[in-house]
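Q: Required output: the full structure, derived from the provided sequences and hints.
Number of protein chains: 2
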Amino acid sequence: MDTFIQDTPIVFIGAGNLATNLAKAFYRSGFRIIQVYSRTQASAAALAGAVEATYTTEISEVRDDAALYVVSVKDDALIELLPDIVRGRKRGLLVHTAGSIPMNILKDKTERYGVFYPMQTFSKQREVDFKSIPIFVESNSAEDTCLLRAVASILSEKVYEATSEQRRYLHLAAVFTCNFANHMYALAAELLNKHNLPFEVMLPLIDETAEKVHQLTPAQAQTGPAIRFDRNVMDKHLDMLFDEPRFKEVYKLLSESIYELANKNSSANSTTK
Amino acid sequence: MDTFIQDTPIVFIGAGNLATNLAKAFYRSGFRIIQVYSRTQASAAALAGAVEATYTTEISEVRDDAALYVVSVKDDALIELLPDIVRGRKRGLLVHTAGSIPMNILKDKTERYGVFYPMQTFSKQREVDFKSIPIFVESNSAEDTCLLRAVASILSEKVYEATSEQRRYLHLAAVFTCNFANHMYALAAELLNKHNLPFEVMLPLIDETAEKVHQLTPAQAQTGPAIRFDRNVMDKHLDMLFDEPRFKEVYKLLSESIYELANKNSSANSTTK
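As given, the protein sequences belong to chains X and A, one line each in that order. Residue numbers for the first sequence follow the numbering used here, so the first one is 1 and each next one is one higher. Residue numbers for the second sequence follow the numbering used here, so the first one is 1001 and each next one is one higher.
Treat the hints as calculated values from the structure; they're not laboratory data. For every residue, glycine included, the Cβ atom is placed at its ideal position computed from N, Cα and C. One thing to keep in mind: the hints can contain errors.
To be verified - Listing some non-contacts, in silico: residues in chain X with all C-beta distances to chain A over 12 Å:
# : residue
1 : Phe-4
2 : Ser-60
3 : Asp-65
4 : Met-103
5 : Lys-107
6 : Arg-112
7 : Ser-153
To be verified - The calculated BS3-like cross-link candidates involving lysine-lysine, where the alpha carbons are at most 25 Å apart (straight line), are:
#  : chain 1 : residue 1 : chain 2 : residue 2
8  : X       : Lys-264   : A       : Lys-1252
9  : X       : Lys-236   : A       : Lys-1109
10 : A       : Lys-1131  : X       : Lys-236
11 : A       : Lys-1264  : X       : Lys-74
12 : A       : Lys-1264  : A       : Lys-1252
A: Structure follows, in structure tokens:
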């Protein structure tokens, strides 16, 4: 290549949480984003402004001279938009960013295609440091896989190749570690709020719980009444949740699941407080 | 007081995860632990050695000249041991360390009693920095509450008074944020392991999920297919779990609970990836 990789002209299709965070990371790393498309004018304008790009709300006006098209829209929007995105844009490399969608959805639609999946939780209100985010890439040719690795390596120190099959398990595991873990925080926040206690007191516990699994396996790190099978404490907790049937159901199922997994592994040598 | 508070002679009853971490924190802060009791000789000896104390495995041999007795044993062992612990030791202040046990369990058993509850997850394999751990204290007299606050303040920067009623909700919330969140990591680890993927790739996501709720509420931080009510992705995930009925049950219940809570709060303006 006789140009810097950052000179690759990029078009972003989508301006949601992931698209916004990813486009900004590209921009900060010196890449040249030439255009942003979003159906929603406000989102398109906001992101385009942040990355010094032009924008459009018409898919037919997406430029045809980009080297890389990053399509980061909801899963069903991807299917719907795809024919319009590829029309007349056969030369560029087109990637989607979804954990759960196989690469082959792009097959026969365009010549060069792939996946660029940064595994992280993105909210517009919060900027994340891409350096430590694992990015999983895949494409239909060795050259483009190599190109995607090179591009990803400028954004992050953790770049992996992953097949569509591996990626869908990564995405499923991510739902557990991120979405479901966060929901546990949310249920705790509800409980505390109801009893006029501040959620902040939980932060050191949340941090240590996350920190701990850098050193111990989650099975080793497990503590609490369920793994000790402390019926006494568990029954008291269930009584306290008498007016919250959903919380009670979650408490019961997860306690059973903890105990079951510990017995299956018989590797948990931590006690709970 | 004409002596340093660290000169208070302390006896530890118990040598489990919490007792071990707490006794070491006392020791490192310059407190004088004069004796450790545990039914298990190896545990008693190990902890006593670590904090330069003597030890006993006979409850009748627990010394009667301590100013503070810290009882940190399993909840049912506390009830069982209590009569023997207090016999002949009416002068010292006796505290338990359990989140879920009301202070009044000690009432009429001894004159000076209270609770010293550090809200954290403790494993023997991992030493924690007490400075940031919230410690909740309570006692049956203003003087002893003051003493416990002073003692706790030497170990931690986050000392609160909490009633038994508040403490049991804190403990219940801690089960959600810590034990249940860790179980989500454990289920993810199982899934990844089954498909030959390393758990380490999840760590940046785990860290960011924890980090995020320092800035956003858990409801605002929520992302994932469930909050978007992305049936397509959720159905695919459930299909992938066809041979893991327990995982499937957890996935279903938590997805429903996420969606329900979001609709109740209608405050979730984050999307999921």
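Q: Please go over all the hints and tell whether each is borne out by the structure.
A: Quick rundown of the hints versus the structure:
1. Phe-4: 27 Å, holds
2. Ser-60: At roughly 25 Å from the nearest Cβ of chain A, Ser-60 of chain X sits farther out than 12 Å, so the non-interface label holds.
3. Asp-65: 28 Å, holds
4. Met-103: 15 Å, holds
5. Lys-107: 18 Å, holds
6. Arg-112: 23 Å, holds
7. Ser-153: 16 Å, holds
8. X:Lys-264 - A:Lys-1252: 22 Å, holds
9. X:Lys-236 - A:Lys-1109: Holds. Lys-236 of chain X to Lys-1109 of chain A sits at ~23 Å (cutoff 25 Å).
10. A:Lys-1131 - X:Lys-236: 30 Å, violated
11. A:Lys-1264 - X:Lys-74: Status holds; Cα separation ~23 Å.
12. A:Lys-1264 - A:Lys-1252: 18 Å, holds
Violation of the numbered hints given earlier is confined to hint 10; every other hint is satisfied by the structure.
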